[in-house]
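Asks: Position chain B relative to chain A; hints supplied.
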Amino acid sequence: SQQGEEDPQALSIQEGENATMNCSYKTSINNLQWYRQNSGRGLVHLILIRSNEREKHSGRLRVTLDTSKKSSSLLITASRAADTASYFCATDENTDKLIFGTGTRLQVFP
Amino acid sequence: SAVISQKPSRDICQRGTSLTIQCQVDSQVTMMFWYRQQPGQSLTLIATANQGSEATYESGFVIDKFPISRPNLTFSTLTVSNMSPEDSSIYLCSVQGHWGYTFGSGTRLTVV
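First to last, the sequence lines map onto chains A and B.
In my numbering, each number is its position in the first sequence, counted from 1, plus 12.
In my numbering, each number is its position in the second sequence, counted from 1, plus 281.
Hint data in this document are derived by calculation from the structure and do not stem from the laboratory.
Computed cross-link-like contacts, EDC-like style, restricted to lysine to aspartate or glutamate with a CA-CA straight-line distance of at most 20 Å:
hint	chain 1	residue 1	chain 2	residue 2
1	A	Lys81	A	Glu65
2	A	Lys109	B	Glu339
3	B	Lys288	B	Asp307
4	A	Lys109	B	Glu335
5	B	Lys346	B	Glu367
6	A	Lys82	A	Asp108
7	A	Lys38	B	Glu339
8	A	Lys82	A	Glu17
9	A	Lys81	A	Asp19
The shape of chain B in the complex, shown without the other chains:
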C-alpha cells in the first residue's frame, strides 16, 4: 500500500484567509481524492483530483472555494479559500491503488 504525507496536520486560521493543504504519496497513483469531515460527522467527498486536468467536484463543492491542483501522480493540493468558521473541519486526502484505498492522517482546520 501507499504512504501518504499530509501537511499541515493542523492549523488555526483567520476568517477571510486561505489555506493550502498538501498531500504527498510515496508512489505513483492514478486516483486521488479530497474529503471533508465536519465535527462529529462522516466523511464527505469534495472532489477527485485529476492529473493534468481540472478536478471533478461533487455536488455542493465548487472550484472557486476549493481549488485543487494535481501536477503529477504523487502530489496534490487542496486550498480552502476565503475561509469562514463553517469551514472548520478535518480535511483528508485519499489515494486508490491495486491494494485498495489509503487515507492521509488529515488536516484539522479551525477558522476563527
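Chain A on its own, in the form it takes in the complex:
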C-alpha cells in the first residue's frame, strides 16, 4: 500500500534553481524520511525528521514537516545536474515498517 502522494510527479529545472517537492501522508507517524534513487540504482537515505520537529537542514537540503496537515516538503537549493534522480518520502505509520510515497522525478538541466 502507498502511504501518500507526492507532488509534483515530475519536475524539470535549470542548474542553480531550487527544487521543492511535497509529500502528504495519511496516518500518524513517528518520523518521516526522504530518499533519493538514481535511475536503476539503490536507495540513498537523505534525511529523517521526527514528528516533534518542524524543520531540518542537511547541506543543500531543507525538510519541513507539518503534522497537523500531514505533509512534508523537501527543498533542494542551488540544484546541480547530479541531483537528477527520483525522490521519495517514507513514513513509519507508528510501526517498524516504512511506507513510501509515490515519488517525484527531478530533472536538472545543466
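Replies: For chain B alone, coordinates are given in the frame of chain A:
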C-alpha cells in the same frame, strides 16, 4: 549501519517458473522487509519477514505467490512463484537497525 548482499542482481525468467531472491545481512537485525518496485513506480511493501514465524503480508500480497523464509537474524529469501510478465519489477530487501534503515541494491527481474 548494516551491509546487505542481495542476490541475484538481475535475472530473466520464463513465465510459469519461480525465482528465489536471497538477502544476507552482515549483522543480526530484528526487522527485515521485502519491497517491490514496478517500472517507473515507487516502492511497495510486500511483507515483513519474521524470524522463526510466518511473514506478515501487506494487502494485495499472499504467501502462495511470495513465500518468504527467515531462518535466522541475518538471512531471508523471497520467492516469486509462478511468474508472469506482470511480476517484472525490482525486488528489494531492507533491514531496520538502531541506525535506521538499509536497503539492498535490488534484484531486477524480467519475466518473458
